[in-house]
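Residue numbers (our numbering), protein chains in the order written: chain G, 1 to 112; chain F, 113 to 225.
Fair warning: there could be bad hints in the mix.
Partial list, computed: chain G residues near chain F (C-beta under 10 Å) [claimed, not checked]:
| no. | residue |
| --- | --- |
| 1 | VAL4 |
| 2 | PHE34 |
| 3 | GLY54 |
| 4 | ARG60 |
| 5 | LEU65 |
| 6 | ALA68 |
| 7 | GLN70 |
| 8 | LEU88 |
| 9 | TRP111 |
| 10 | PRO112 |
In silico PhoX-like links for lysine-lysine, alpha-carbon gap of 20 Å or less [said to hold, decoys possible]:
| no. | chain 1 | residue 1 | chain 2 | residue 2 |
| --- | --- | --- | --- | --- |
| 11 | F | LYS195 | F | LYS169 |
| 12 | G | LYS42 | G | LYS2 |
| 13 | F | LYS183 | F | LYS169 |
| 14 | F | LYS195 | G | LYS42 |
| 15 | F | LYS126 | F | LYS183 |
| 16 | F | LYS183 | G | LYS2 |
Calculated directly from the structure, the hints in this document are not laboratory data. Treat the numbers as computed from the prediction; the structure is a model and nothing was measured. Positions of the beta carbon are idealized from the N, C-alpha and C atoms, including for glycine.
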Amino acid sequence: QKEVEQNSGPLSVPEGAIASLNCTYSDRGSQSFFWYRQYSGKSPELIMSIYSNGDKEDGRFTAQLNKASQYVSLLIRDSQPSDSATYLCAVDRGSTLGRLYFGRGTQLTVWP
Amino acid sequence: DGGITQSPKYLFRKEGQNVTLSCEQNLNHDAMYWYRQDPGQGLRLIYYSQIVNDFQKGDIAEGYSVSREKKESFPLTVTSAQKNPTAFYLCASSIAGGTGELFFGEGSRLTVL
């Protein structure tokens, strides 16, 4: 079982729709969860972090964490073509300090 | 402005040659990391360092070497022992013992001819 799993997609949504990206992780001791956005040919940039169960909102982005289900998701409301990118889920691991484990990423396309 | 600088951005290498990728940060971060990314893949950790003069192997360290002689610098050498070195290499840093938020450089794309 991989540490972090994401649906590889691609996920395609129309402009203005809600895009939902999902991620599961294997280590129940994980405490820190991150979503990175990566445009084609560029480096990842952090867009959301979440550390406790529930929802965390930042503008059009909402991260949701459910530790009991070992599940973290990212919702993008009012999706824009500029949101088209690959979204990487990253999780720490309670037994291995100082590093993150990344999923393979979900490619999102928002069409006008 | 604070940030992470990687160089070169593009590098071509002949088989059998060692190459060194530079990574410098002025964020005063203690921890630094090297990741490799292949097309359609996530990030795989090569090496990481929490403090100066100390570093740990990641998941795919074979064929790579690093040094951490200064807090600001964490160069990566891709040796001839690395069987498939063509990839996008990303350097990152974070506050040691912190929340794990990584800040990335712009990356170095290595192509072996």
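Hints and how they fare:
1. For the restraint placing G/VAL4 at the interface with chain F, the shortest Cβ-Cβ distance is roughly 8 Å, inside the 10 Å limit, so the hint holds.
2. Because the closest C-beta pair between G/PHE34 and chain F is about 7 Å apart, less than 10 Å, the hint holds.
3. Because the beta carbon of G/GLY54 sits about 17 Å from the nearest beta carbon in chain F, more than 10 Å, this interface hint is broken.
4. Hint on G/ARG60 is violated. Least Cβ distance to chain F is approximately 20 Å, over the 10 Å limit.
5. Interface hint at G/LEU65: violated, since its Cβ lies 14 Å from the closest Cβ of chain F, which is beyond the 10 Å cut-off.
6. Because the closest C-beta pair between G/ALA68 and chain F is about 21 Å apart, greater than 10 Å, the hint is violated.
7. Checking G/GLN70 against chain F: minimum C-beta separation of about 17 Å lies over 10 Å; hint violated.
8. Because the closest C-beta pair between G/LEU88 and chain F is about 6 Å apart, less than 10 Å, the hint holds.
9. The interface hint given for G/TRP111 is broken, as the beta carbon of that residue sits about 21 Å from the closest beta carbon of chain F, more than 10 Å.
10. With a least beta-carbon distance of about 25 Å to chain F, the hint placing G/PRO112 at the interface is violated under the 10 Å criterion.
11. Restraint check: the Cα-Cα separation between F/LYS195 and F/LYS169 comes to about 17 Å, which is no more than 20 Å; the hinted pair holds.
12. At most 20 Å may separate the alpha-carbon atoms for a hinted pair to count; G/LYS42 and G/LYS2 exceed this at roughly 25 Å.
13. Between F/LYS183 and F/LYS169, the direct Cα distance comes to roughly 18 Å. Compliance with the 20 Å bound is thereby established for this hinted pair.
14. A distance of roughly 25 Å separates the Cα atoms of F/LYS195 and G/LYS42; the hinted pair therefore is violated under the 20 Å criterion.
15. Taking the CA atoms of F/LYS126 and F/LYS183, the gap is near 31 Å; set against the 20 Å cutoff, the hint is violated.
16. For a cut-off of 20 Å, the pair hint linking F/LYS183 to G/LYS2 is broken: about 32 Å separates their Cα positions.
In summary, the numbered hints that this structure violates are 3, 4, 5, 6, 7, 9, 10, 12, 14, 15, 16.
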